[in-house]
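Colleague: What follows is each chain in one-letter form.
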Amino acid sequence: MGYKTIIEDDIDVLVVGAGLGGTGAAFEARYWGKDKKIVIAEKANIDRSGAVAQGLYAINCYMGTRWGENNPEDHVRYARMDLMGMVREDLAFDMARHVDSAVHQFEDWGLPLMKNPETGAYLREGRWQIMIHGESYKPIVAEAAKKSADKVFNRICVTHLLMDDAKENRVAGAVGFNVRTGNYHVFKSKTVICGAGGASNIFKPRSVGEGAGRVWYAPWSSGSAYGLMIDAGAKMTQMENRIVLARFKDGYGPVGAYFLHLKTYTQNCLGEEYESKWFPALTEMVGKEYLDTEGQHLSHKPIPTCLRNHAFISEVNAGRGPIHMVTMEAFQDPHLEEIGWHNFLGMTVGQAVLWAATDVDPKYENPELTTSEPYVMGSHATGCGAWCSGPEDVSPDEYFWGYNRMTSVEGLFGAGDAVGGTPHAFSSGSFTEGRLAAKAACQYIDDGKAKGIRVSEQQIENRKKEIYKPMETYTVGRNEIVGGSVNPNYINPRQGLDRLQKMMDEYCGGFGVNYMTNEKLLQIGLKKMKIFEEDLEKVAAEDIHELLRAWELKHRFRTSESVFQHTLFRKETRWPGYYYRGDAMKLDDENWHVLTVSHRDRKTGEYTMEKAPCYHLVGENEE
Amino acid sequence: MPTFVYMTRCDGCGQCVDICPSDIMHIDKTLRRAYNIEPNMCWECYSCVKACPHQAIDVRGYADFAPLGHSVRVLRDEEKGTIAWRIKFRNGKKDMELLAPITTKPWGEFIPQLADEPVPSKEMRDSHLLYNEPKYIRLDEGGLHTLESNGLTLKAGVYY
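Which chain is which? The protein sequence lines are S and P, in order.
Residue numbers for the first sequence follow my numbering, beginning at 1 and rising by one.
Residue numbers for the second sequence follow my numbering, beginning at 624 and rising by one.
Heads up, some of the hints might be wrong.
If you want a taste of the chain S side facing chain P, the calculated C-beta under 10 Å gives, among others [stated by the list, open to error]:
{"no.": "1", "residue": "Ala29"}
{"no.": "2", "residue": "Gln105"}
{"no.": "3", "residue": "Gly346"}
No lab work stands behind these hints, which were simulated from the structure alone.
The beta-carbon is built from N, C-alpha and C at its ideal position, and this holds for glycine as well.
All chains, full assembly: derive it from the sequences and hints.
Modeller: Given below as structure tokens:
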């Protein structure tokens with residue numbers, strides 16, 4: 001093959017994937033590592049990459065301690081409540097105590113944050129959310145990362161992490177290929193901060209055909225953070241905790257600002273409030289510790305996201321759909337109407353396109369909502385990701401092994417969606433996690449932990465062969481047939497993706513089965529996944545672009561396999577409305593008030609599952 | 624389809640190819656102009672539309688649910704620091720123009736070069752503080768929150 005091998009050597013901090021987590025990491029690393037070599041490898045172009053490529057209209061994680069609004073522990077309690085207790089509270093507290101310093105710097109850099117004209121404080125959308133004109137959120141933070149990094153490699157699809165051949169379970173860099181030139185890139189590095197993002201498109205999407213790209217999370221979020229880290233042997237946590245979103249139908253436009261700022265609300269097709277009637281039965285399922293409707297009314301605690309989904313799904317199944325968002329009242333105010341539209345243009349333009357195409361004017365018509373297909377990620381109302389160390393001054397022994405945000409693989413750190421157990425970090429929290437990981441990575445190097453790393457020529461050569469294999473498979477197999485996409489010896493990446501999505505949907509609790517699964521279904525699914533893994537060895541790529549899709553598919557596969565394993569392990573229904581274990585329909589705190597942790601053996605591919613204790617900040621009463 | 628490219632406006636400059644997060648804007652080798660090679664991997668994120676110097680790229684809503692005859696156009700201007708939108712409904716009853724700021728400062732000038740900052744002290748390194756902290760956490764004299772400072776402990780098991 002004619003592709004060159006390009007080696008970037010002596011890197012200290014390699015950032016793999018520069019979304020909000022990765023840009024935060026690259027930016028901060030320069031402060032703690034003045035003379036260190038900091039390199040970014042990004043699949044797209046860091047000016048518009050990651051989940052925030054399109055922009056955001058809100059920063060959903062801001063404490064406002066400066067204005068006396070919240071303390072970090074308040075946010076931890078909120079995230080815990082929303083995730084039915086399952087949060088790494090040490091990591092959540094650590095993120096929350098730093099996150100405001102990121103937001104204040106964003107303002108310095110030029111990000112337009114809206115202000116409350118009376119108090120001068122940032123304009124609140126909700127208790128944790130502030131409103132921004134964030135069309136250029138990503139290009140702005142990318143500038144910060146570019147100023148700090150020695151080199152930025154755009155358009156590098158990182159396929160594997162490199163492992164140290166001198167010491168077991170220590171990272172040594174990463175490899176991948178340039179999606180433009182096709183060249184093979186080797187990054188030898190003392191540490192790696194993985195910010196390669198969560199996963200869309202692993203469950204069959206509701207949209208079909210051309211619309212398959214209209215997913216809630218970006219279609220380029222290929223679960224690469226999980227694929228890379230699991231393949232490197234990193235332990236994962238809470239991978240069963242996929243998220244389902246109640247959003248505007250088809251366009252998946254955000255509802256946060258509508259609920260919180262515009263004060264719109266939902267009703268069924270008869271114009272009735274429907275949520276509360278499902279709560280008594282739901283309280284039976286989850287226990288009143290998690291849904292005490294009377295107490296909740298008094299304490300003004302929000303209803304957990306998954307439980308609101310449950311009411312939505314149940315009402316639709318009862319034949320009283322669609323669920324509408326009542327916009328017709330709020331939109332009579334021209335100022336609120338403008339905010340409603342700006343909200344979409346700032347972060348989900350496709351929803352504005354859809355309403356323009358279908359003549360839905362929310363001033364005169366209440367738009368439909370739907371529940372999405374599930375997504376696997378770790379920074380919204382869900383906490384999938386790697387099992388990472390917390391900070392020394394907060395974490396209990398089980399959660400601490402030397403360096404903040406370091407995974408169970410030495411020298412491999414996580415940021416953003418990559419870190420497990422840290423829901424509700426959102427953009428600002430992900431950026432903050434990147435900063436924390438960068439400081440810890442520099443400390444790791446300064447402590448001499450990265451000495452003596454050796455990467456054999458053989459490892460580099462083996463990976464190269466593996467990376468380009470889909471192109472070889474295509475070249476050989478293509479000549480056997482006249483034409484078209486049907487071949488007895490290979491599948492293309494799209495065919496593989498369709499198959500993966502169908503398996504995830506039908507066996508792992510997708511929208512097509514009303515988010516329902518059980519042990520039998522999961523075991524059948526895992527069997528099919530095993531065979532699919534064999535077929536993935538025969539995935540074919542016609543060109544470099546398809547090679548990118550082939551590797552994204554492999555990362556999505558590994559992510560999905562982990563979701564299957566975790567879902568099988570947790571024998572309870574912890575998050576009704578995200579998914580249901582039909583054979584264990586109740587929340588079971590006696591056996592499952594724990595975090596699930598998995599480890600995939602790099603050599604055998606076998607999974608080992610364990611329960612890790614769930615620690616909580618005590619002191620329930622808010623000040 | 625998400626995005627498509629007007630034949631007469633595109634000059635094949637490749638700005639859209641450079642920016643597309645999904646790697647789906649490619650140059651047609653015969654026509655030497657850009658086009659969307661994989662519409663079902665398009666998020667309608669408008670990154671290419673905004674980057675095009677000739678407004679040659681537009682969006683037609685996804686065919687599986689969006690009827691024809693609508694328009695959402697945009698002009699993004701880093702110099703002025705604004706983004707201007709125009710939304711036209713299929714039935715012609717709504718035609719909206721919306722303007723929003725994209726930055727409050729001259730582009731990139733107020734982002735610090737951390738290599739030029741003073742070297743952090745050992746005390747700072749040994750602390751849990753990040754760059755610009757503790758000042759930027761609360762913009763007062765307060766320090767970093769700890770479990771101790773906030774009167775908290777972590778305990779295993781249920782919290783209720």
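Colleague: For which of the previously enumerated hints does the structure constitute a violation, in increasing order of number?
Modeller: none
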